Amino acid sequence: AQTVTQSQPEMSVQEAETVTLSCTYDTSESNYYLFWYKQPPSRQMILVIRQEAYKQQNATENRFSVNFQKAAKSFSLKISDSQLGDTAMYFCAFMTPRARQLTFGSGTQLTVLP
Amino acid sequence: ETGVTQSPTHLIKTRGQQVTLRCSSQSGHNTVSWYQQALGQGPQFIFQYYREEENGRGNFPPRFSGLQFPNYSSELNVNALELDDSALYLCASSLGDRGLGEQFFGPGTRLTVL
Chain U
1 AQTVTQSQPE MSVQEAETVT LSCTYDTSES NYYLFWYKQP PSRQMILVIR QEAYKQQNAT
61 ENRFSVNFQK AAKSFSLKIS DSQLGDTAMY FCAFMTPRAR QLTFGSGTQL TVLP
Chain Z
1001 ETGVTQSPTH LIKTRGQQVT LRCSSQSGHN TVSWYQQALG QGPQFIFQYY REEENGRGNF
1061 PPRFSGLQFP NYSSELNVNA LELDDSALYL CASSLGDRGL GEQFFGPGTR LTVL
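Quick mapping for you: the protein sequence lines, in order, are chains U and Z.
The working numbering puts the first residue of the first sequence at 1, with every later residue one more than the last.
The working numbering puts the first residue of the second sequence at 1001, with every later residue one more than the last.
Keep in mind the hints are simulated off the structure, nothing from the lab.
Hints may be right or wrong, so weigh each one.
Pulled a few chain U residues facing chain Z out of the computed Cβ check, cut under 7 angstroms [said to hold, decoys possible]: (1) Tyr25; (2) Arg43; (3) Met45; (4) Leu47; (5) Phe64; (6) Arg100; (7) Gly105; (8) Ser106; (9) Gln109.
These numbers come from a predicted model, not from an experiment.
Ideal Cβ positions, reconstructed from N, Cα and C, are used throughout, including at glycine.
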């Protein structure tokens, strides 16, 4: 079974600064996908970024980037130039083609301070 | 392009009752997954439907059941409601026979069991 661990229940960052959210996972699979989802108070789960395990290059989406360390089973999210709208719960998630389901971590509540 | 929609937004039931939650998938998507998100936790996978057939199931009892219709919309049914069933129920749609790649979430249904 796969597990996803987010060890930071809460974090805060000043507006315009950079913050990194941590995520580790455990699996015996070699082919899988990793995701970061954002859930603001509106409850809508929004995909932030996706990484395919067979790609060595770290994914980047505008101000969001990941540091994917496959050997260490680590998948951290870096948010640059933090904005007030980034305030949300962030979930790390894992999926394999075989399991066909998203396994989520417990989440990190990020607050961006003005 | 129409996003994922869910109804109702909120629902209050009493223990022992039955409930049906509904989900309309994003245009062009043929796979629907359901998740339960208890307060303060990450979503837990309930099951997935692809072309009207169950395509994977998480660790939930048989009183959680579902349907997918020819237009790819879906229902989640829960019988004999228990207090612990109180949660946010999320529906996600995706394209592909195994839900590979991004899953796009609806806004959720908040179920309260009294």
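Verification of the supplied hints:
1. Tyr25: 13 angstroms, violated
2. Arg43: The hint holds - Arg43/U has a Cβ within 7 angstroms of chain Z, the shortest such distance being about 5 angstroms.
3. Met45: Hint holds; Met45/U Cβ to chain Z Cβ min 4 angstroms, cut 7 angstroms.
4. Leu47: 5 angstroms, holds
5. Phe64: 15 angstroms, violated
6. Arg100: Holds. Min distance 4 angstroms.
7. Gly105: Because about 6 angstroms separates Gly105/U from the closest Cβ in chain Z, which is inside the 7 angstroms limit, the hint holds.
8. Ser106: Holds: closest Cβ of chain Z sits about 5 angstroms from Ser106/U, inside 7 angstroms.
9. Gln109: Hint on Gln109/U: violated, closest Cβ of chain Z at ~9 angstroms, above 7 angstroms.
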